[in-house]
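A.B. asks: As you go down the protein sequences, you meet chains A and B in turn. Residue numbering for the first sequence follows numbering that gives the first Met the number 0, starting at 0 and increasing by one per position. Residue numbering for the second sequence follows numbering that gives the first Met the number 0, starting at 0 and increasing by one per position.
Hints are computed from structural coordinates only; laboratory data are not their basis. Remember, it's a predicted structure, so these values are computed and weren't measured experimentally. Fair warning: there could be bad hints in the mix.
To be verified - Selected chain A positions facing chain B (in silico; Cβ < 10 Å):
1) Ser61
2) Gly64
3) Glu181
4) Glu212
5) Glu216
6) His240
7) Arg241
8) Phe242
Yeah, the Cβ is synthetic: ideal placement off N, Cα and C, and Gly gets one too.
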Amino acid sequence: MSTAEATLEINIEQSRTTLDAWVREVVKWHFDPETGCAFWLDLAQTLSFDPREVIQTYDDLSKLGPFQDEWLRGGPVRRWVPKGHAGRPIYTFETGGSTGVPKSRINIEDFRLDYEAFSATLPDEYFPKETDWLSLGPTGPRRLRLAVEHLAQYRGGICFMVDLDPRWVIKLLKMGQPQMAERYKQHVIEQALTLLRAHDNIRCLFTTPKLLEALCEKVSLKKLGITGVFCGGTEMTPQFHRFAVEELLDGAYFAATYGNTLMGLAVHKPRIPEDNYAVIYYPPLPRAMIEVVDPDNPDRVVGYGETGRVRLTTLTKEFFMPRFLERDAAEREPPCELYPWDGVRNVRPFAGLPGTVVEGVY
Amino acid sequence: MLHIPLLRHGEPYTSLDVACIPHHQTREVFVEVSQANAGLLRRDLRDQAITRGKLARFSTAELVAICRRAADHFLKDTLLLGNAPQTPEDYVKQVSATTGLPHVMVRKNMQKICSMLAEMENVLNGLTRNIDWEVLDHGFGEVEGHAVSFFPCAESLGVVLPNNSPGVHSLWIPSFPLKIPLVLKPGSAEPWTPYRIVQALIKAGAPKEVFSFYPADHAAAGEILRSCGRGMMFGDASAVGAWESDSRVEIHGPGYSKVILGEDCVDEWEKYLDVMVASIVENGGRSCVNASSVWTPAYAKEISEALAERLARIFPRAAEDEAAQLAPFADPNVASRISQIIDQALAEPGARDITAAHRKGERLVIWNSCSYLVPTLVYCEAASHPLANKEFLFPFSSVVNVPQNQLTETLGPSLVVTAITRDPELVQRLVSSPNVDRLNVGPVPTNKVSWDQPHEGNLFEHLYARRAFQRAASF
Chain A
0 MSTAEATLEI NIEQSRTTLD AWVREVVKWH FDPETGCAFW LDLAQTLSFD
50 PREVIQTYDD LSKLGPFQDE WLRGGPVRRW VPKGHAGRPI YTFETGGSTG
100 VPKSRINIED FRLDYEAFSA TLPDEYFPKE TDWLSLGPTG PRRLRLAVEH
150 LAQYRGGICF MVDLDPRWVI KLLKMGQPQM AERYKQHVIE QALTLLRAHD
200 NIRCLFTTPK LLEALCEKVS LKKLGITGVF CGGTEMTPQF HRFAVEELLD
250 GAYFAATYGN TLMGLAVHKP RIPEDNYAVI YYPPLPRAMI EVVDPDNPDR
300 VVGYGETGRV RLTTLTKEFF MPRFLERDAA EREPPCELYP WDGVRNVRPF
350 AGLPGTVVEG VY
Chain B
0 MLHIPLLRHG EPYTSLDVAC IPHHQTREVF VEVSQANAGL LRRDLRDQAI
50 TRGKLARFST AELVAICRRA ADHFLKDTLL LGNAPQTPED YVKQVSATTG
100 LPHVMVRKNM QKICSMLAEM ENVLNGLTRN IDWEVLDHGF GEVEGHAVSF
150 FPCAESLGVV LPNNSPGVHS LWIPSFPLKI PLVLKPGSAE PWTPYRIVQA
200 LIKAGAPKEV FSFYPADHAA AGEILRSCGR GMMFGDASAV GAWESDSRVE
250 IHGPGYSKVI LGEDCVDEWE KYLDVMVASI VENGGRSCVN ASSVWTPAYA
300 KEISEALAER LARIFPRAAE DEAAQLAPFA DPNVASRISQ IIDQALAEPG
350 ARDITAAHRK GERLVIWNSC SYLVPTLVYC EAASHPLANK EFLFPFSSVV
400 NVPQNQLTET LGPSLVVTAI TRDPELVQRL VSSPNVDRLN VGPVPTNKVS
450 WDQPHEGNLF EHLYARRAFQ RAASF
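Taking the hints into account, I'd like the entire structure generated from these sequences.
C.D. replies: Here is the structure:
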């Protein structure tokens, strides 16, 4: 075993120890009658064990069973507010709504903490401090809208915004009106161009893959002074990654992310030629974990390099969501030097779900 | 492993998104096809005027000469398929591998495309009604003493192509001598033919930049149709529906082609059985120009029995068999679903599967690890029956009792009508019918093509518009 491999082994072990300790703390918080939320305290009444005693490691979370998608749809949303946070201002964020009634998640400060951690992964050379941002992505009840603005402010910048309602786009596509959806997209892009041309200090951009393409059809990012692009929100393929780097970005840094309202965001492993533009994400351990499991037996994590369904676990003192089966598929990626824990490769919509999912519309 | 790249203005590009197309028989991956992401093709299509300019430098006569040379290249030469050489025989086997078409049918289609390229002069004259090519080159001139001027309505023609038969590719080729660059989205199982045609044209001297070839998903196909000034779309009724109201897009959906017998000829129906059989069966019944119904004012039962007896002689044969008349379904599930649809419709009173009594087994046949639907002839008592006017991807036809005085009212949209009649009144009614796209009077098989006759829309009129034009004598 080389020194690097040995170091990685040690780091993997340490990250696991950190994760297990954090699991104990989070479980203790959410199942304590003084600090926990109504949902988990009610659920604890149905269990034959006290989670605070039985759940000592990350793997022990399986004793709680899978997290049900439906638990997050509809109200009352206050059942998710931990008593330990009583009296604090509460946000509620919703998922895109591409699979029916949107899922809601309460939030207090998590989005700030997650994006402050993410900020540390952005190179200052390309995302200069005290320069301004344009957020060109979904707004409304989505976490991204506030999170990107906080990211800009945290880095000393001001965030410019445009409105974007992805549910309207979904509706247009379902109504068989792709031309109208296209017009809406152009409407969004025109607003972005106006802002970019009017504010010289905008150097950083958040956007989605499709809007990045649409924007770059109109202008050169370089000419507009954009040096860093933080991209996420929808599926990103290796081909898009390559296309963006080779043809859209004009040398701007490309920070791809995977995430959602429920989990937070996972950062992209820095690009190396060996990965051939594979889009590889690592979750923000210990606050969240991403695993790839056997779709037919979600208790089984697949081997490295194997394909499966994405399973998310969110572990914060605001929100506890163990073992949630996401609507995505991916390959399981081994730990790396920068992120000594499991990652995911080439996340895309999971084909085994019933019904049609309209995805990637914004 | 064979790999087919995209062509971005003629330049090969290997995508990281790859579709794996299986061999229809073994179901093992036979070829990998690079897939275009929507943003990539939209980006490429920003510069359409430049590529059109490259084509506009050629005279029409030069472009027709390129087509003539390309005919030979397409039929006889080894051309490039990505980085690999592709002989004509390779091409035949490759088309057959992913579509199921027997080799003999691929060769016939190959010949059809070759003759279309070779006959481009006639094709253009048919499309333009013999306008002097100088008029096309300059954009204005005189026709029979009158000033005329034409202008292109688009910088490129976007074409969303089907899988059913290589012969359909002859429809978009005239865009090249008409000086409109091509943006092609091939059918998922049949990238071979458009790629080979493009390579043949490039070898013959065409500027490669005027050909873009983007295998892609449905969403990207939509981007092509939206981004090109004019479009052409092939597909079933559900696929083309979204584009029916867009006049920029020429729709090539189901044909619902028919053979019609007039009262004056119906007593001699046996004389015309060969025409009916050929119309139904040729090319495996996979073309929109194949007849999917025979409408007759009399003898419907007798005609049904006679046709069924002839169709029941056709059975699956190996792809290499020169006598093969049936193509297996590349996707076995499609064959199964089609057979179920037919059976469900037969449950409604007023129709019978006449071939059932003539064949030995079921309609759906698994032979040599392939799924076939054997020819099916359904007798319908009236045109209102759900099977009277249906089209499927195999030799299927109804024979329907329709009084002659109700023919044109009940016809419905029909790509080709072969009217076996000398009755001038019936011929006149068909000539006047907006439902008849192509009319053959007399015993001409529905699938027989005449190159000087525009088929399913006039491509010249789709790509060009006429403007009023006057020029002072001193200018």
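A.B. asks: If a hint holds in the structure, say so; if it does not, say that too.
C.D. replies: Verification of the hints:
Checking A:Ser61 against chain B by beta carbon gives a least distance of about 35 Å; that is not within 10 Å, so the hint is violated. Annotation: A:Gly64 was flagged as interfacial toward chain B, and the flag is violated, the nearest CB pair being 36 Å apart, outside 10 Å. Proximity of A:Glu181 to chain B holds as hinted, the smallest CB-CB distance being about 7 Å (cut-off 10 Å). Hint status for A:Glu212 relative to chain B: holds, with the closest Cβ pair at about 3 Å, below 10 Å.
Hint status for A:Glu216 relative to chain B: holds, with the closest Cβ pair at about 6 Å, below 10 Å. Because the smallest distance between the Cβ of A:His240 and any Cβ of chain B comes to about 8 Å, under 10 Å, the interface hint for this residue holds. Nearest Cβ of chain B to the Cβ of A:Arg241: about 6 Å, under the 10 Å cut. The hint holds. The closest approach between the C-beta of A:Phe242 and any C-beta of chain B is roughly 5 Å, which is under the 10 Å cut-off, so the hint is satisfied.
Hint check: violations occur at hints 1, 2; the rest are consistent with the structure.
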